[in-house]
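Whenever a hint applies, use it, and build me the whole structure from the sequences.
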Amino acid sequence: MAKRKHHYHPLAVKPHTNVILSILVGLFALFCFLPILLIYIGSFTAEKAIKINGFSFFPAKWSVSAYQYLFKDGGQILQSYWVSISLTVFGTVLSLLIMTLYAYAISRKDFALRRQLTFFAYFTMLFNGGMVAAYIVNTTVFGLRDSYWVLLIPTLCSAYNIIVLRTFFTSLGTESLVEAAKIDGASELRIYARIILPISKPALATIGLFTAIAYFSKWFEVMLYIENNKLYTIQYLLQRVMKNLEYLRSNPEFAMSEGGVELLENLPGESMRMALTVLAMTPVLAFYPFFQKYFVKGLTLGSVKG
Amino acid sequence: MIQLSPRRPSSHRMKVRWKDNISLFLMTVPGIIVFICFSYMPLYGLLLAFKNFVPRLGIWGSPWVGSLNFQFMFKNATFWLSLRNTLLYNAAFLVTGIICPMLLAIGLNELLSKKLARTLQTFVIMPHFVSYVVVSVIVFALCSADNGMIAHFLDSMGSPRIAFYSETKYWPWILNIVHIWKSTGYSSIIYMGALTGISDEYYEAAVIDGATKWQQTRYITIPFLIPMTVILAILRVGGMFSSNFDLFYQVPLNSGQLYPVTNTIDVFVYNMLRTSNNVSLSSAAGFFQSLCGFILVVTVNWIIRKIDPDLAMF
Numbered sequence: 023m024a025k026r027k028h029h030y031h032p033l034a035v036k037p038h039t040n041v042i043l044s045i046l047v048g049l050f051a052l053f054c055f056l057p058i059l060l061i062y063i064g065s066f067t068a069e070k071a072i073k074i075n076g077f078s079f080f081p082a083k084w085s086v087s088a089y090q091y092l093f094k095d096g097g098q099i100l101q102s103y104w105v106s107i108s109l110t111v112f113g114t115v116l117s118l119l120i121m122t123l124y125a126y127a128i129s130r131k132d133f134a135l136r137r138q139l140t141f142f143a144y145f146t147m148l149f150n151g152g153m154v155a156a157y158i159v160n161t162t163v164f165g166l167r168d169s170y171w172v173l174l175i176p177t178l179c180s181a182y183n184i185i186v187l188r189t190f191f192t193s194l195g196t197e198s199l200v201e202a203a204k205i206d207g208a209s210e211l212r213i214y215a216r217i218i219l220p221i222s223k224p225a226l227a228t229i230g231l232f233t234a235i236a237y238f239s240k241w242f243e244v245m246l247y248i249e250n251n252k253l254y255t256i257q258y259l260l261q262r263v264m265k266n267l268e269y270l271r272s273n274p275e276f277a278m279s280e281g282g283v284e285l286l287e288n289l290p291g292e293s294m295r296m297a298l299t300v301l302a303m304t305p306v307l308a309f310y311p312f313f314q315k316y317f318v319k320g321l322t323l324g325s326v327k328g
Numbered sequence: 031m032i033q034l035s036p037r038r039p040s041s042h043r044m045k046v047r048w049k050d051n052i053s054l055f056l057m058t059v060p061g062i063i064v065f066i067c068f069s070y071m072p073l074y075g076l077l078l079a080f081k082n083f084v085p086r087l088g089i090w091g092s093p094w095v096g097s098l099n100f101q102f103m104f105k106n107a108t109f110w111l112s113l114r115n116t117l118l119y120n121a122a123f124l125v126t127g128i129i130c131p132m133l134l135a136i137g138l139n140e141l142l143s144k145k146l147a148r149t150l151q152t153f154v155i156m157p158h159f160v161s162y163v164v165v166s167v168i169v170f171a172l173c174s175a176d177n178g179m180i181a182h183f184l185d186s187m188g189s190p191r192i193a194f195y196s197e198t199k200y201w202p203w204i205l206n207i208v209h210i211w212k213s214t215g216y217s218s219i220i221y222m223g224a225l226t227g228i229s230d231e232y233y234e235a236a237v238i239d240g241a242t243k244w245q246q247t248r249y250i251t252i253p254f255l256i257p258m259t260v261i262l263a264i265l266r267v268g269g270m271f272s273s274n275f276d277l278f279y280q281v282p283l284n285s286g287q288l289y290p291v292t293n294t295i296d297v298f299v300y301n302m303l304r305t306s307n308n309v310s311l312s313s314a315a316g317f318f319q320s321l322c323g324f325i326l327v328v329t330v331n332w333i334i335r336k337i338d339p340d341l342a343m344f
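These protein sequences, in sequence, are chains B and Y.
For the first sequence, this note's numbering gives the first residue as 23, with consecutive numbering after it.
For the second sequence, this note's numbering gives the first residue as 31, with consecutive numbering after it.
Rather than coming from a laboratory, the hints here were simulated on the basis of the structure.
We treat Cβ as the ideally placed atom computed from N, Cα and C, and that holds for glycine.
Keep in mind that a hint or two might mislead.
[What the hints assert, rightly or not] Pairs of lysine-lysine residues, derived as DSSO-like cross-links and limited to a Cα-Cα distance of at most 30 Å, are as follows: (1) K49(Y) - K319(B); (2) K94(B) - K73(B); (3) K144(Y) - K315(B); (4) K336(Y) - K315(B); (5) K83(B) - K265(B); (6) K131(B) - K49(Y); (7) K73(B) - K83(B); (8) K131(B) - K336(Y); (9) K144(Y) - K319(B).
[Stated by the list, open to error] Calculated from the model, a selection of chain B residues having no Cβ within reach of chain Y, i.e. all distances over 10 Å: (10) K36; (11) C54; (12) G76; (13) S85; (14) L109; (15) V115; (16) I120; (17) M153; (18) V159; (19) D168; (20) S169; (21) Y170; (22) P224; (23) E249; (24) L260.
Take a look at the structure:
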């Protein structure tokens, strides 16, 4: 950031221009934020108030019954949450491990296959078989229909992230450090784990965050490959409920639970949709501000180079 | 791109040591396996575009049909519609995806209070972090004919409600607004980076010449951003044939009445595969999309290399 002192600096905008700019940018921030706030408020609105006044920022009556209903028989929701969270954790750790190992190897100038393996990764960004080909291969060759692994494995390796990580590792300038460690007899794996990873925390945080979000947001693969509702992710559950509110009602566990029939008649459907949405988006929204400085810096550095 | 430290005249420094190279190679093996299985093997599935797929016979065993699938595809009206929608939406996103983030970045950058700027930035990038399933719920809460906020606002104005999910004319607008909403804040980060790269000297000189802030923006800031913008735009053109499936399938809730304006190639490929179970047509469209994408990306890279070799991808 260029150093600019308040008010006196000749390069800064005039105070009244600053007020106008603040209002304009503030309005855009509201445009970004209010729709999300509407979902949170909707989830705490009494069903009757929604039926009469529609969704509103100022509901006539507040209520937590949507959440009570969701958790009264939360079997499916907890199960889906578990699938999403375990996918996010395993996926992110495994993915970071595979990608950093690959990226570190191709960042080393004394690695003979550096060029070939860089192109090998890069080519997957240029040309891909598309959805149908992937679907046929995954289901017929690997037999991955209706399996947890089809959600986890195919997206472990992103060529784009590998290229970003490689550029980062190259920019560290650790050649002499690596050289010294090798003279001391350290193995390549040890150098990677003890020298390279510890100084790469900002890059790991950024790529890790984006990988985690990608895993947490999975729904398309579930729609394509999964029949078993034990393997539904929270996003896909939400998608089902969006398409068809009946899905929650037709869930046998729900209907057969205590007082099920009565429960179904008073089901606060609209606010439940919103409550489920809140459950599906809050984990990410709670995390990203902590990573903001990392990815802002990462994206910014990338452009200054040019 | 990256400055190497001046090379010392030591001979062992860059020497390839085979023992180390084997360790390094082993490090790449997990990645190689994933790439082979899930990126390279599906390329083999591209053959389907030239075959009449019979699941019992597998990909290789199914009979060849030459270009028949493509002949059917080019006669399919829905395909042409999807192609048109893909190109038109991408063209619109290209324009709004440049103008909006640039304006936002300039605005954020000029704010006197850096603390306020950072807080506002947290809010403007928030939409980037909600999934498209969530976006579809948000659009539903606003546009639903029964309980939507807009419907009740129209009631209070005494106007009739609008059935958004069955009227095509509103969706080009809705999808464009959703795209602006979701991507502007995040894209502006890149422009912010470029802005901090402009030396203060230019502005100091301009101030001495009596330039107003508006003139400084018009004649210094924006011209400085143009080279990067051109590169970003060209890169975008490389993705002209692909579309965000989530946006075009999920946000309109896959409403059949909206297909004329929401079907893109990706949605067409999916619907052909899962709804019509027409593997031939679906894989032909997928092949067409991959090929056009590949040609565009290679061309675009060639153009960028002419402009600035440092920014070329390969």
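Okay, the hints, checked on the actual structure:
Proposed proximity of K49(Y) and K319(B) is contradicted: the alpha carbons are some 37 Å apart, above 30 Å. This hinted pair checks out: K94(B) and K73(B) have alpha carbons roughly 23 Å apart, not beyond 30 Å. For the suggested pair K144(Y) and K315(B), the alpha carbons sit about 13 Å apart, so the restraint of at most 30 Å is met. Taking the CA atoms of K336(Y) and K315(B), the gap is near 34 Å; set against the 30 Å cutoff, the hint is violated.
With a C-alpha separation of about 26 Å, the suggested pairing of K83(B) with K265(B) holds against the 30 Å cut-off. Under the criterion of a C-alpha separation no larger than 30 Å, the hint pairing K131(B) with K49(Y) is consistent with the structure, at around 15 Å. The hinted pair formed by K73(B) and K83(B) meets the criterion: a straight-line CA distance of about 11 Å does not exceed 30 Å. Note on K131(B) and K336(Y): the hinted pairing holds, with a Cα-Cα distance of about 27 Å set against a maximum of 30 Å.
For a cut-off of 30 Å, the pair hint linking K144(Y) to K319(B) stands: about 15 Å separates their Cα positions. Some Cβ of chain Y comes within 10 Å of the Cβ of K36(B); the nearest lies about 7 Å off, and the non-interface call is violated. Not every beta carbon of chain Y lies more than 10 Å from that of C54(B), the smallest distance being close to 5 Å; the non-interface claim is violated. Against the 10 Å criterion, G76(B) falls within the reach of chain Y, whose nearest CB is about 3 Å from its own CB.
Every C-beta of chain Y lies more than 10 Å from that of S85(B), the closest at about 15 Å, which supports listing it as non-interface. Chain Y leaves L109(B) outside its interface by the beta-carbon criterion, the shortest separation being 14 Å against a cut-off of 10 Å. The claim that V115(B) lies off the interface holds: its Cβ sits roughly 13 Å from the closest Cβ of chain Y, which is beyond the 10 Å cut-off. For I120(B), the requirement that its beta carbon stay farther than 10 Å from each beta carbon of chain Y is not met, with the minimum near 5 Å.
Its beta-carbon lying about 6 Å from the closest one in chain Y, M153(B) breaks the requirement of being farther than 10 Å from that chain. Some Cβ of chain Y comes within 10 Å of the Cβ of V159(B); the nearest lies about 5 Å off, and the non-interface call is violated. Look at D168(B): its CB is around 15 Å from the nearest CB on chain Y, clear of 10 Å, so calling it non-interface holds up. The claim that S169(B) is not at the interface with chain Y holds, since no C-beta of that chain comes within 10 Å of its own (minimum 14 Å).
At the 10 Å boundary, the C-beta of Y170(B) stays outside the reach of chain Y, the nearest C-beta of that chain being 16 Å off. No Cβ of chain Y comes within 10 Å of the Cβ of P224(B); the nearest lies about 15 Å off, and the non-interface call holds. The Cβ of E249(B) sits about 13 Å from the closest Cβ of chain Y, beyond the 10 Å cut-off, so the non-interface label holds. The Cβ of L260(B) does not lie farther than 10 Å from every Cβ of chain Y; its closest approach is about 5 Å, which violates its non-interface assignment.
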